[in-house]
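Participant: Top to bottom, those sequences are chains A and B.
For the first sequence, my numbering gives the first residue as 1, with consecutive numbering after it.
For the second sequence, my numbering gives the first residue as 115, with consecutive numbering after it.
Hints were generated in silico from the structure; no laboratory data involved.
From a predicted model like this one, the values you see are computed outputs, not experimental measurements.
Restraint ranges, calculated between C-beta atoms of paired labels, are given here: (1) 64/A to 130/B: 46 to 54 Å; (2) 196/B to 9/A: 21 to 29 Å; (3) 16/A to 225/B: 39 to 47 Å; (4) 175/B to 80/A: 41 to 49 Å; (5) 53/A to 172/B: 35 to 43 Å; (6) 175/B to 102/A: 16 to 24 Å; (7) 76/A to 212/B: 21 to 29 Å.
We put the beta carbon where it would ideally sit given N, CA and C, even for glycine.
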Amino acid sequence: DAGVIQSPRHEVTEMGQEVTLRCKPISGHDYLFWYRQTMMRGLELLIYFNNNVPIDDSGMPEDRFSAKMPNASFSTLKIQPSEPRDSAVYFCASSPRRVNTEAFFGQGTRLTVV
Amino acid sequence: DQQVKQNSPSLSVQEGRISILNCDYTNSMFDYFLWYKKYPAEGPTFLISISSIKDKNEDGRFTVFLNKSAKHLSLHIVPSQPGDSAVYFCAASRGSQGNLIFGKGTKLSVKP
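All chains, please: the whole structure from these sequences, using the hints.
Facilitator: Structural data, given as structure tokens:
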């Protein structure tokens, strides 16, 4: 398996534009997590899914952020409209079970909003 | 307010010596602790964990120590190797299935 695949690897966009980040989890993993890494706050959990259903979205910062998982092999994190303070590295991770030691992270998407 | 704190943003160590990375937490409900390693342009990878019922866990060159009374844990790497140069994140959770709360990371540089 190629691991967790995220796209794009880098995204530069203008303030106010819509941004969509994509994630393909490892096949057979029932859990999918979205994290955000910033200098100020470190790594934070935004939302996680179990069997394509959102379970905990308490980390989603604002209504401008939304995440979907239409099927077991694909998830998106959308920011609309984007703001400069959204600039960060966004990681997707997947896990076969709800056990933290078994989560595998993707390489991340570095988002820059100018 | 940061519940998991890594107060040293960076650490430089000579190859072959011991690296000690520190982490403090404030939430007494945390009972499961993990260390992740992250290379540039890659995602974090799980390194080692410890449950609060233990005070030490060892895996090869890596040992994690937990001091519950002080709400402190540390990661020891002995001997340090240049390939250990990375950012190390401390994380805590309530149980092995709880949401992970990460520290901001410590960048370790191991000099040949």
